[in-house]
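Q: One letter stands for each residue in the lines below.
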Amino acid sequence: MDEQTFLVLLRDTMQCEGHLKMDMALADVPEWDSLAAMAALALAERSFGRHLKLAQIKKAATVGDLYALLTAH
Amino acid sequence: MTPFPEFVHVRLKAVSAVVPRDEVRLEDEAAYYGNDLRRVERIKKMAGLDRRRIAPEGVTVSDLCVQAAERLLTETATDRAGIDAVVCVTQSGDYPMPASAFVQQERLGLATDCAAFDVNLGCSGYIYGLWLAACMIEARARQRVLLLVGEAYLGSINPANRIIAPVFGDAGTASLLEYADEAAPLSFSLGSDGSGHEALIRPGGGGRIPHLPGAPEEDGYLALVRDAGGNPWSVGGYGNTWMDSAAVFDFTMSVVPEHIRGHLARRGLAPADLDFLILHQANKQIVQNLAAATGFTPEQTPWETLTRYGNQAGASIPSAICDRLKGRCDARQRLHLMLCGFGIGLSWGSCLGDFTGLHCCGVHDFIPPAATPSRSERIAYWHSKFAGEHDG
Numbered sequence: 001m002d003e004q005t006f007l008v009l010l011r012d013t014m015q016c017e018g019h020l021k022m023d024m025a026l027a028d029v030p031e032w033d034s035l036a037a038m039a040a041l042a043l044a045e046r047s048f049g050r051h052l053k054l055a056q057i058k059k060a061a062t063v064g065d066l067y068a069l070l071t072a073h
Numbered sequence: 001m002t003p004f005p006e007f008v009h010v011r012l013k014a015v016s017a018v019v020p021r022d023e024v025r026l027e028d029e030a031a032y033y034g035n036d037l038r039r040v041e042r043i044k045k046m047a048g049l050d051r052r053r054i055a056p057e058g059v060t061v062s063d064l065c066v067q068a069a070e071r072l073l074t075e076t077a078t079d080r081a082g083i084d085a086v087v088c089v090t091q092s093g094d095y096p097m098p099a100s101a102f103v104q105q106e107r108l109g110l111a112t113d114c115a116a117f118d119v120n121l122g123c124s125g126y127i128y129g130l131w132l133a134a135c136m137i138e139a140r141a142r143q144r145v146l147l148l149v150g151e152a153y154l155g156s157i158n159p160a161n162r163i164i165a166p167v168f169g170d171a172g173t174a175s176l177l178e179y180a181d182e183a184a185p186l187s188f189s190l191g192s193d194g195s196g197h198e199a200l201i202r203p204g205g206g207g208r209i210p211h212l213p214g215a216p217e218e219d220g221y222l223a224l225v226r227d228a229g230g231n232p233w234s235v236g237g238y239g240n241t242w243m244d245s246a247a248v249f250d251f252t253m254s255v256v257p258e259h260i261r262g263h264l265a266r267r268g269l270a271p272a273d274l275d276f277l278i279l280h281q282a283n284k285q286i287v288q289n290l291a292a293a294t295g296f297t298p299e300q301t302p303w304e305t306l307t308r309y310g311n312q313a314g315a316s317i318p319s320a321i322c323d324r325l326k327g328r329c330d331a332r333q334r335l336h337l338m339l340c341g342f343g344i345g346l347s348w349g350s351c352l353g354d355f356t357g358l359h360c361c362g363v364h365d366f367i368p369p370a371a372t373p374s375r376s377e378r379i380a381y382w383h384s385k386f387a388g389e390h391d392g
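Quick mapping for you: the protein sequence lines, in order, are chains A and B.
Going by my numbering, the first sequence opens with residue 1, and the numbers climb by one from there.
Going by my numbering, the second sequence opens with residue 1, and the numbers climb by one from there.
One or more of the hints may lead you astray.
As the list claims (entries may be wrong) - Think about it this way: if two alpha-carbon atoms lie no more than 27 Å apart in a straight line, the pair counts; the simulated DSSO-like pairs of lysine-lysine are:
#	chain 1	residue 1	chain 2	residue 2
1	A	Lys59	A	Lys21
2	A	Lys53	B	Lys45
3	B	Lys45	A	Lys59
4	B	Lys284	A	Lys58
5	B	Lys284	B	Lys44
6	B	Lys284	A	Lys59
7	B	Lys44	A	Lys53
Said to hold, decoys possible - Reference excerpt, derived from the structure (chain B facing chain A, CB under 7 Å, subset only):
#	residue
8	Arg42
9	Met46
10	Ala47
11	Trp242
12	Ala246
13	Asp250
14	Gln285
15	Asn289
16	Ala292
Stated by the list, open to error - Incomplete in silico selection of chain B near chain A, CB under 10 Å:
#	residue
17	Ile43
18	Ile163
19	Gly229
20	Ser245
21	Ala247
22	Met253
23	Pro257
24	Asn283
25	Gln288
26	Ala293
Just so you know, the hints here were simulated from the structure itself, not pulled from any lab data.
All values reported here derive from a predicted model rather than from experimental measurement.
Glycine included, every Cβ here is placed at the ideal spot set by N, Cα and C.
With the sequences and hints as input, model every part of the structure.
A: Rendered as structure tokens:
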């Protein structure tokens with residue numbers, strides 16, 4: 001999945017109001033909370049077949065980190 | 001090899017659910033979200049949380065379950081003299097002791113040769129309760145078992161704790177299981193992992209950290225400690241239920257999909273062979289993720305009971321059956337179900353069978369009695385009893 005498609009999907013998954021960029025710190029995304037982390041986990045499972053733990057998701061510092069984590073093979 | 005029993009003489013005859021009338025909606029609590037209704041809407045959309053029912057002070061799990069049972073017994077014209085066991089699955093009994101099942105046995109007018117006991121379980125409790133009842137019946141140890149599953153503890157939850165308070169809802173349910181010469185195979189698969197017992201726990205008030213006279217003010221027993229999100233937690237006292245949501249979520253997604261796939265495989269079945277997978281109504285994300293991970297369609301896997309009544313712990317599966325399947329409970333319509341609960345313990349379990357012909361009473365509001373003694377009247381009652389004023 002290309003980065004642009006991922007950003008749109010993640011924004012929808014986390015119900016973000018603003019647009020996301022790869023270099024954005026997750027701490028600066030107002031909607032980045034436990035609900036968003038669980039939603040990201042579900043996205044990993046459903047769209048990328050990746051079974052991750054919340055602790056792994058929470059280690060991500062930027063949107064780009066999430067992209068790398070979710071799409072890793 | 002792990003035992004994998006199939007019961008062939010057990011029938012789940014009827015299910016009934018009762019919820020308190022008092023409803024709290026998430027938007028009623030917007031103040032906890034900085035009065036930002038967009039935040040409220042986001043939680044509703046993502047977690048599926050919206051409305052929940054809370055028992056008023058003094059209304060107990062027995063009050064709710066007995067009303068559910070009365071409706072069930074009336075609608076099915078069941079002779080209560082024929083009920084020879086009543087099992088209550090709850091974590092919020094009427095009293096620390098005795099078991100609530102005794103209160104229920106008396107209130108329902110059940111015979112004195114009826115066995116009565118409680119089981120301390122939460123979100124997996126309905127499955128464990130069904131299994132226990134099925135074991136008793138298949139072994140011919142009991143003929144007809146009334147399984148009462150419910151919780152009524154939310155009055156003791158601190159509403160400022162936004163991890164716990166918006167999630168849970170009070171409810172009382174009743175299920176009747178009985179012996180049948182020939183019944184469709186009913187299978188169970190159960191599991192537990194006590195290494196996770198601290199993930200969902202009331203740390204204080206039991207034997208490990210008891211409530212000591214005089215001490216609570218000084219030793220931190222009642223002290224409120226806030227997490228990064230500002231949610232208050234305490235070891236004992238008001239609102240002392242601790243939940244590590246991340247640990248519970250990780251456990252669920254790690255264990256339950258494999259558990260469901262394994263149970264299906266042992267019965268030689270696929271998701272398409274079943275009409276519904278009724279999951280514990282934990283939250284919308286968990287139900288939808290489990291459905292996706294196990295190959296069930298969203299239509300097979302309802303989650304809306306959570307939105308309507310809250311997460312009712314062990315009562316959520318029978319409530320979901322009453323809420324979502326009432327129209328399907330008809331002898332002419334096939335009803336092949338898998339039921340699956342998971343949570344505190346940590347524990348999990350599933351039950352798979354043909355429930356065609358199940359009588360479903362639906363979900364009904366609790367009807368309060370004409371007069372309910374106040375807390376002070378109840379305390380005065382016990383004071384006079386201690387003083388010997390009830391003697392003779």
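Q: A separate judgement is required for each hint: does it hold in the structure or not?
A: Okay, the hints, checked on the actual structure:
{"no.": "1", "hint": "A:Lys59 <-> A:Lys21", "verdict": "holds, 18 Å"}
{"no.": "2", "hint": "A:Lys53 <-> B:Lys45", "verdict": "holds, 23 Å"}
{"no.": "3", "hint": "B:Lys45 <-> A:Lys59", "verdict": "holds, 25 Å"}
{"no.": "4", "hint": "B:Lys284 <-> A:Lys58", "verdict": "holds, 21 Å"}
{"no.": "5", "hint": "B:Lys284 <-> B:Lys44", "verdict": "holds, 9 Å"}
{"no.": "6", "hint": "B:Lys284 <-> A:Lys59", "verdict": "holds, 24 Å"}
{"no.": "7", "hint": "B:Lys44 <-> A:Lys53", "verdict": "holds, 23 Å"}
{"no.": "8", "hint": "Arg42", "verdict": "holds, 5 Å"}
{"no.": "9", "hint": "Met46", "verdict": "holds, 5 Å"}
{"no.": "10", "hint": "Ala47", "verdict": "holds, 6 Å"}
{"no.": "11", "hint": "Trp242", "verdict": "violated, 15 Å"}
{"no.": "12", "hint": "Ala246", "verdict": "holds, 4 Å"}
{"no.": "13", "hint": "Asp250", "verdict": "holds, 5 Å"}
{"no.": "14", "hint": "Gln285", "verdict": "holds, 5 Å"}
{"no.": "15", "hint": "Asn289", "verdict": "holds, 5 Å"}
{"no.": "16", "hint": "Ala292", "verdict": "holds, 5 Å"}
{"no.": "17", "hint": "Ile43", "verdict": "holds, 7 Å"}
{"no.": "18", "hint": "Ile163", "verdict": "holds, 8 Å"}
{"no.": "19", "hint": "Gly229", "verdict": "holds, 8 Å"}
{"no.": "20", "hint": "Ser245", "verdict": "holds, 6 Å"}
{"no.": "21", "hint": "Ala247", "verdict": "holds, 8 Å"}
{"no.": "22", "hint": "Met253", "verdict": "holds, 7 Å"}
{"no.": "23", "hint": "Pro257", "verdict": "holds, 9 Å"}
{"no.": "24", "hint": "Asn283", "verdict": "holds, 8 Å"}
{"no.": "25", "hint": "Gln288", "verdict": "holds, 7 Å"}
{"no.": "26", "hint": "Ala293", "verdict": "holds, 6 Å"}
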